[in-house]
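**Q** Here are the chains, one letter per residue:
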Amino acid sequence: MVRSLTRAAALIGWARREYGGLADKAGTVGLWLLIGLLLVVGVIDARQYLVTGIIVGSIIALGALGITLIFGILKFAHFAHGDMMMFGAYIALAALMGDGSIGPLSFGWGMIFAILLSMAVLAAGSVAIDRVVYRPLRQRGSGTVVLAIASLGVAIMLRAIMLLWWGPDQQLYVSGIHPARELPFDIMLKPDQIFIVATAVLLMATVYLLLFRTKMGKAMRAMSDNAELARVTGIDTEQVVMWTWMIGGALAAVAGILLGIQSNLKPELGFTLLLPLFAGAILGGLGSPQGALVGAMIVGISQEVFVGIDLPFPPFGVPGYKPAVAFGILILVLLVRPRGLFGKT
Amino acid sequence: MTVLEARDVVSGYGEVEILHGVSIKVEEGEIVTIIGPNGAGKSTLLKTVFGLLPCKRGAVFFDGENVTGHSPQALVRKGMSYVPQSDNVFPSLTVQENLEMGAFIRSDNYRAKIEEVLALFPDVVERRHTRAGKLSGGQRQMLALGRALMLEPRVLLLDEPSASLAPNMVQLVFAKIQDINRSGVSIVMVEQNARESLKLSHRGYVLAMGQNRLEGSGPSLLESEEVGRLYLGD
Amino acid sequence: MDRGRLVAFLAVLAITAGIVGISANDSESLNGFISFLTVFLTTVAIFAIFALGLNVQWGYTGIFNFGIVAFFMVGAYTSALVTKEPSSSEFVKYVGGLNLAEGLGPLNLHGLTGFVLGALAAAVVSGIVAFLIAIPALRLREDYLAIATIGVAEVLRRIAIEEEGLVNGTRGLTGIPRPLHDLVSPPDYKFIYLAIAVVVLVIIFIAIERGARSPWGRVLKAIREDELATAASGKNIFAFRMQAFVLGAMIMGIGGAVYSANQGSIVPDTFSHFFGTFIIWAMLMVGGSGSNRGAILGAYVVWGFWTLTGLVQPHLPAALEARTSYIRDLLIGLLIVVTLLLRPHGLMGEEKRVSLFAEQESKREAPQVGAPAAGPTEG
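Chains as they are written, first to last, in my numbering: chain A, 1 to 345; chain B, 1 to 234; chain C, 1 to 379.
It is worth saying that the hints were derived from the structure and are not from the lab.
Check each hint, because a few of them may be wrong.
[As the list claims (entries may be wrong)] Stretches of chain C that chain A covers, calculated by requiring three or more beta carbons in the stretch to come under 8 Å of a beta carbon on chain A:
(1) 62 to 70
(2) 142 to 152
(3) 158 to 171
(4) 333 to 344
[Unchecked claim] Which chain A residues face chain B? A few, computed with CB under 8 Å, are given here:
(5) Lys215
(6) Lys218
(7) Ala219
(8) Arg221
(9) Ala222
(10) Asp225
(11) Asn226
(12) Leu229
(13) Val232
(14) Thr233
(15) Gly234
(16) Ile235
(17) Asp236
We put the beta carbon where it would ideally sit given N, CA and C, even for glycine.
Could you put the whole structure together from the sequences, leaning on the hints where they help?
**A** This is how it looks when you write it as structure tokens:
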């Protein structure tokens, strides 16, 4: 049995080598076609789900952006990112002051303050965690695997702290029902959801400006390209690392809070968030910020649209299968075009 | 005045010792070339001088100051620049951005310097907003040199600048190196292309098996029978 | 004695003393006390099986599996479906129910053969699942596989819940046959099961130790020590890693089978990331990556610590008591981080093994900050 396994694996390897180039091109074309198809179907048949998908996608995008930056610059898969998002959501919960609401939104100015505070706490906290956990391991020459396992330990601790402080039950930022508004094309949208997308877009634009218009941002992209050369050029690599954690942490905080506004808060959600986050980042190409945004959007839209389409077999129509859609996308990308849509070879 | 000196340097990779006590000296304004067979330790020497590899024994002096074991960032600040043999530009950054990175530690307005450096490389200047990954090998080499000049270094360390370049590009690159030297930059060059590089060098060193073998002026090494036989393919 | 062994010895001593002491104090009878210890040891044995499986994947091959719970769950459900009777009621729906007990008659040996067949089925199905994920993921990077394993765990759990007809959804499966159950009175069964669990553990332990010394194991060792040279000598690296991954998954599947037969009933909620994946990582890290004895030691130490704090809990003032369980969670995460920082090879692992992985990676990928570029380029 062992031998037949070996033979099977060798066969797959051979097929990969022989037809690799062709498969890669076919895979790329096929992937883009599928994405196009998804959007077309979404617009025609499942507009409401498409809209929800865009909202969810924006939230995932903020998280995936952090993951891809950390992966590109620090060269490891940050498995604590989902729990960091949740943690940010909880910090905001703790900081939420004052009732009332801003216009049609479900929350008041206290939420804005809470968001900013949470961003600051997570930015500082991420740098602190780096100094205590990841930097010593880096300096020792630890590889990506060891760092990833360390991030697992950090994830477990964050989850435990959330459970300790806030308990395991689901929480909401604001209770009560807030009505959705009806828009043309049969779409229902809550004002909160407009806020979510607007905030996400604002942050994405800010990060874009940072990466492409500031010296530190360019240094981050440079280090993502070639860390050794960055050192040689005289770039302060530790400073770049610090900024990476600050940005990644702040983005995670906002992503978690927006998720809390969209649905709810629960400590156990953190780890499972990793699936759509990484699926989006890998689809877009790990290390590419624009890739993370596009990939995350596609994952978000796919999750909602697939579940919305009314076909009698799974995963269609079953909300519980949303993670299965993200997983399916992940496997598809790994099979067909592992470097993702915008990844470097 | 000796601007750079390595004295009895012993270093290598991890457990493996490559250099067993190598010494070189660079006077201000010189072009010094280091040649020798593969595995001689030429690149290793450059990396050790620049702080990329730990110096196990021996010392490195820059302008008389002992800078052994200083980090690359510190040395860049002092006026040394290094161009690696391969992967020496940031592919996803534009030409202009690559140069900006060269000036990272400068806090002043370096825009003028960018124009100045770009002017040195006319082939590249019209592509300033092209991503470096899309440039040809020769253009990339030029860009790498330009990046290293952004901080107006006193000493430039070049690791095989002519590697994998077409012969006409090699001529251009070496001509450029001479221009840079004439503007006052001392240059230490490790080269596989011994003949061409010795032609423009003031002095040269021959390294073999991690030790000094020969030393002399550029022309004398070019004429030397031994060098000719062993390294110039005569 | 090297410091690690000393610490290990002291830890085992302290934990054992604590558990024995407090449970003896709290138990109302000798019987209760012994029952408690038996259950404790059985759980340790089951966790040890998972840790051994993880050791094959991580300690021997350097693959990090963050979805152990997926194989745990697959193994548990497979052996349950294979050994149970078919569904007899309209309200309890699941596939399978091969009821091997009926078919074999006297050969069933009071459920023992059924149990063994169930465990083997669990191993096979877990192996297949592992094989299927490894094809897209393992040939790329280990982190992709790690994420894929998290994904598989999530998806499988959803399927178990959503597909009511498959494994009876959230209600789960009950009435899983227990081997040798009719030989003794129910209260005494746990002693027999402890014996069964330990026997399975020992068999797996011996099998892995043998495997490590076999030609196959030697190639794995060679891959660990110098992947490039081994690849150059013609060995298909991917195939070997695939085999190790599948083998580890099969062991985890068997662990699941042992678990479900012990419990008698399973529900999807049982299979949480914490108890199915995180805690096992802590066990292997603490006990010693790369060491099979370390895996078993780690299982004892970590579960012993967990049980000890559980025993202490009722004795604490009320304010602390409520949240103690989460403090234990915190300590599990802390254990992993602290072990990596202070003693990456764990109590019994070899220093060489884990640091080898670190070196291999820095050679395999882009240069890191602080490390020299890959080897002498020309010299």
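**Q** Of all the hints given earlier, name the ones this structure violates by number, lowest first.
**A** Per hint list: zero violations.
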